[in-house]
Amino acid sequence: MLSGRRLFTVALTLSAGVACSNDLENSYIFDGRSNRKILFRSQFIEFDQLIEFGMAMKVGIVVVLLAVASICEAVAIFHPISESHRSAALELFSPVAGSFSSLEEAYEALRTFEVLGIEKKPDIKDHTCNSVVDALSSMSSNSRDLYHALRVNGLLKCKTSKEALTGIISRLKDAVKDSTSLLDYYHAIGGLLLIKDQSSEVDVLLENADGILRSIKALSQSDGRWRYSSNNPESSTYAAGLAFETLSGVIQLAASAIDENLIGTLKKDIVKLFDSIEKYDDGSYYFDDKHIDVSGHQGPLSATAAVVRGLTTFASTSESLNIPEDKILGLARFFLGIGVPGNSKDLYYQIDSLSHLENNRVSVPLVLSLPATVLSLTSKDKLKVKVSTVLGSIAPPLSVKLMQVFSSGSKDASVLKQELHFDPKEAIHMLDALPEGVDIGKYVFAFEIVLSDPEDKRKFATGGRTKVPVHVTGVVKVDDAKVAVLEGDIVESEKKLDLPGKNDLALSANHLQKLHLSFLLTTPFGKPFKPHQALLKLRHETGVEHIFVVENSGRHFEITLDFLGLVEKFFYLSGQYDIELTVGDAVMENSFLQPLGSIELDLPKAPEKATQPPPQAVNPYLRYGPKAEIAHIFRAPEKRPPQEVSFAFLGLVLVPFLAFLVGLLRLGVNLKNFPTSTIPATFAILFHGGIAAVLLLYVLFWLKLDLFTTLKTLGLIGTFLMFVGHRTLSHLASASAKLKSA
Amino acid sequence: MGKSPTTKDDAQALFHSLRSAYSATPTNLKIIDLYVVFAVFTALIQVVYMAVVGSFPFNSFLSGVLSCVGTAVLAVCLRIQVNKENKEFKDLPPERAFADFVLCNLVLHLVIMNFLG
Numbered sequence: 005m006l007s008g009r010r011l012f013t014v015a016l017t018l019s020a021g022v023a024c025s026n027d028l029e030n031s032y033i034f035d036g037r038s039n040r041k042i043l044f045r046s047q048f049i050e051f052d053q054l055i056e057f058g059m060a061m062k063v064g065i066v067v068v069l070l071a072v073a074s075i076c077e078a079v080a081i082f083h084p085i086s087e088s089h090r091s092a093a094l095e096l097f098s099p100v101a102g103s104f105s106s107l108e109e110a111y112e113a114l115r116t117f118e119v120l121g122i123e124k125k126p127d128i129k130d131h132t133c134n135s136v137v138d139a140l141s142s143m144s145s146n147s148r149d150l151y152h153a154l155r156v157n158g159l160l161k162c163k164t165s166k167e168a169l170t171g172i173i174s175r176l177k178d179a180v181k182d183s184t185s186l187l188d189y190y191h192a193i194g195g196l197l198l199i200k201d202q203s204s205e206v207d208v209l210l211e212n213a214d215g216i217l218r219s220i221k222a223l224s225q226s227d228g229r230w231r232y233s234s235n236n237p238e239s240s241t242y243a244a245g246l247a248f249e250t251l252s253g254v255i256q257l258a259a260s261a262i263d264e265n266l267i268g269t270l271k272k273d274i275v276k277l278f279d280s281i282e283k284y285d286d287g288s289y290y291f292d293d294k295h296i297d298v299s300g301h302q303g304p305l306s307a308t309a310a311v312v313r314g315l316t317t318f319a320s321t322s323e324s325l326n327i328p329e330d331k332i333l334g335l336a337r338f339f340l341g342i343g344v345p346g347n348s349k350d351l352y353y354q355i356d357s358l359s360h361l362e363n364n365r366v367s368v369p370l371v372l373s374l375p376a377t378v379l380s381l382t383s384k385d386k387l388k389v390k391v392s393t394v395l396g397s398i399a400p401p402l403s404v405k406l407m408q409v410f411s412s413g414s415k416d417a418s419v420l421k422q423e424l425h426f427d428p429k430e431a432i433h434m435l436d437a438l439p440e441g442v443d444i445g446k447y448v449f450a451f452e453i454v455l456s457d458p459e460d461k462r463k464f465a466t467g468g469r470t471k472v473p474v475h476v477t478g479v480v481k482v483d484d485a486k487v488a489v490l491e492g493d494i495v496e497s498e499k500k501l502d503l504p505g506k507n508d509l510a511l512s513a514n515h516l517q518k519l520h521l522s523f524l525l526t527t528p529f530g531k532p533f534k535p536h537q538a539l540l541k542l543r544h545e546t547g548v549e550h551i552f553v554v555e556n557s558g559r560h561f562e563i564t565l566d567f568l569g570l571v572e573k574f575f576y577l578s579g580q581y582d583i584e585l586t587v588g589d590a591v592m593e594n595s596f597l598q599p600l601g602s603i604e605l606d607l608p609k610a611p612e613k614a615t616q617p618p619p620q621a622v623n624p625y626l627r628y629g630p631k632a633e634i635a636h637i638f639r640a641p642e643k644r645p646p647q648e649v650s651f652a653f654l655g656l657v658l659v660p661f662l663a664f665l666v667g668l669l670r671l672g673v674n675l676k677n678f679p680t681s682t683i684p685a686t687f688a689i690l691f692h693g694g695i696a697a698v699l700l701l702y703v704l705f706w707l708k709l710d711l712f713t714t715l716k717t718l719g720l721i722g723t724f725l726m727f728v729g730h731r732t733l734s735h736l737a738s739a740s741a742k743l744k745s746a
Numbered sequence: 024m025g026k027s028p029t030t031k032d033d034a035q036a037l038f039h040s041l042r043s044a045y046s047a048t049p050t051n052l053k054i055i056d057l058y059v060v061f062a063v064f065t066a067l068i069q070v071v072y073m074a075v076v077g078s079f080p081f082n083s084f085l086s087g088v089l090s091c092v093g094t095a096v097l098a099v100c101l102r103i104q105v106n107k108e109n110k111e112f113k114d115l116p117p118e119r120a121f122a123d124f125v126l127c128n129l130v131l132h133l134v135i136m137n138f139l140g
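Chains as they are written, first to last, in the working numbering: chain A, 5 to 746; chain B, 24 to 140.
It should be emphasised that the hints constitute simulated quantities derived from the structure, not laboratory data.
From the three backbone atoms N, C-alpha and C, an ideal C-beta is built for every residue, glycine too.
Nothing false has been slipped in among the hints.
A few chain A residues that face chain B, going by a derived Cβ cut-off under 10 Å, partial list only:
1) PHE653
2) LEU699
3) PHE705
4) LEU725
5) SER740
Result set (EDC-like, lysine to aspartate or glutamate): computed pairs, CA atoms no more than 20 Å apart in a straight line:
6) A:LYS744 - B:GLU108
7) A:LYS744 - B:GLU118
8) A:LYS124 - A:GLU109
9) A:LYS742 - B:ASP114
10) A:LYS276 - A:ASP227
11) A:LYS390 - A:GLU87
Next up, chain A with everything else stripped away, as it sits in the complex:
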């Protein structure tokens, strides 16, 4: 994964200006979806955010390249394949349930692992070998399946029988004869070539090589692209790449020597394709396909990968292929500029193409990269340069010279021609001390690679002068910092500040006075320094902020706040203002954002029509935070009367009852009519008892019983009472009737 230091570099390059243009900062980002580099305009980045970004050291997979306005030449860094690619390959190519979904995918994974030097797991090998053997022995496989199976077999070296291979050879040769489309030729010829590599005593040579070449050539177009078949007018660069590979295969499998003129025309076709090559500003070249090709892939990555494959395989069969070396270097830069792709297909294309470029017969590109583009003067960093092949292997003996150092803003620079000293242990070229006069700031260093062996000049592509952006950082001295409150021109109070240390001022001023802040900034070499940000911020206690830029003249920075003119800007808010000073730059190692203390401002009252200060943003934690807790208030019980009052009235209520009893006695009640004989008497007693029982039941009901039991019991007593009452009363009635008649 990208190291934190490198990410900080990336962050710096994002925010830093570029050598030639100071207005806009342009950078490219590789968009994995469309396989294109898109222009990314970096916005003005808050300096505290930048510090946080650098400090957070989060790891991402986006690699940003620095690009320049079209006036200047390419300034960029390309890094060779590294550990991050290996770990990405392991992550992206993880097989599902121990085996890959198709032989094509299996080949992509295995080839990537082979190029990157990753060990294959043995169980994957077994699984895949089984599928390979199945595909090779099955009669229903077409040339495409056989081709993929043979490719995987070439990497895994599974145990296949000679008879199976011989059987396949005849099928593939028939396929070649019957082929009509480019893909048929591609798979069949490719399969035959693979068999030739995998087993020794087989006869795979093609008889009619000339004829095959001509029929494939018939599919070519005048603009360099190739069609897939004669009836399909669609053409693409991807097809051109496949065609070159097929043609080289035919040449290798030819039984008899091929006509030289034919090969010459084929070479011309390849060179013609390079007319349609496209270029990015940072020096990378690529081919783009406007149409979706047969396998569903579109975009510059697959097209360029196909062309590189075809080109290098063709170059390996015949000697002189006239491609300029800067185009080869540009193709290598294109693939390296992707960084680490996000999906397995892109990673395969990148790694496969780079491995072809590593050993190709046209010219092998050499990559110059700097492990660190940020050099610190305080820690006396040495300039280190690494030259390697695209896959990170050791380059041939060479020397690196630092030719020129451009500082930001100027196009001219002194010509240095300083040779870097080579450390064979680390395979790094080093400069022990930075050139004279290199103070802190942004520079572009121009290097040139000089190969020791003049024979190597033909074999390797060095790219002439390589320009690399370098940042030199250091500690900026802050001197003589003082703050003063001025009345007119007379200094009322002056205090010295300790910058960038802690300060705690407590000033006070009214609207007729001025606040004056000044300090000096010097670089480690004693020169004046203008930082990217020099800001003074005043924040009122309500949260309203005002920011001012501190101007400079040479080394001297100062700002005067005339409160008389600022009264309206400050919304007439008097009170305590917190002062904060920010001085920062990408190359300043001791950038600071310091609170300096506070100033008590006394401003006049706001008039009627004054503008209101902007409302402060509500703290979302407060707005959506928990609200005040509501305590449930239970219904207060009713006021009950004091117990004495209740008892008094209880007594009072019983008084009428007593009066009733007394009245009854006064009236002379008697029980003369009570039946005397036994049975009627019993019934009478039971009658009165029954009524008493009901009343008792009612009392119990009020005290503790519920309605249902009461009703049940009442029903029982009631029936009894009815019966008894009826007997009693009818007896009484008959007794009184007898009396009346008597």
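Dock chain B against the given chain A, drawing on the hints supplied.
For chain B alone, coordinates are given in the frame of chain A:
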């Protein structure tokens, strides 16, 4: 020989005549009247209590008052039915009326006890 009869004399004469007429009623009717007076007085005392302490709990107050009033009403019905001078109920035996009185009272008091709370 004296002045023309004043209202006070008239009231007194009326009161005396009522009193003498009342004493002629049979005893059982007087018992019932006494019972009615007792019930009404009890109701009045309950209303006074409510006026003093407030009407919480209102259901208890209602049940108390309505029990007195209800039983007074039933007693009045009994008196009507038992009164021998009442031609309408000549054929109704007084025991039957008394049985109705008892039954209705029991039902009334069941409801009252339920509402008492």
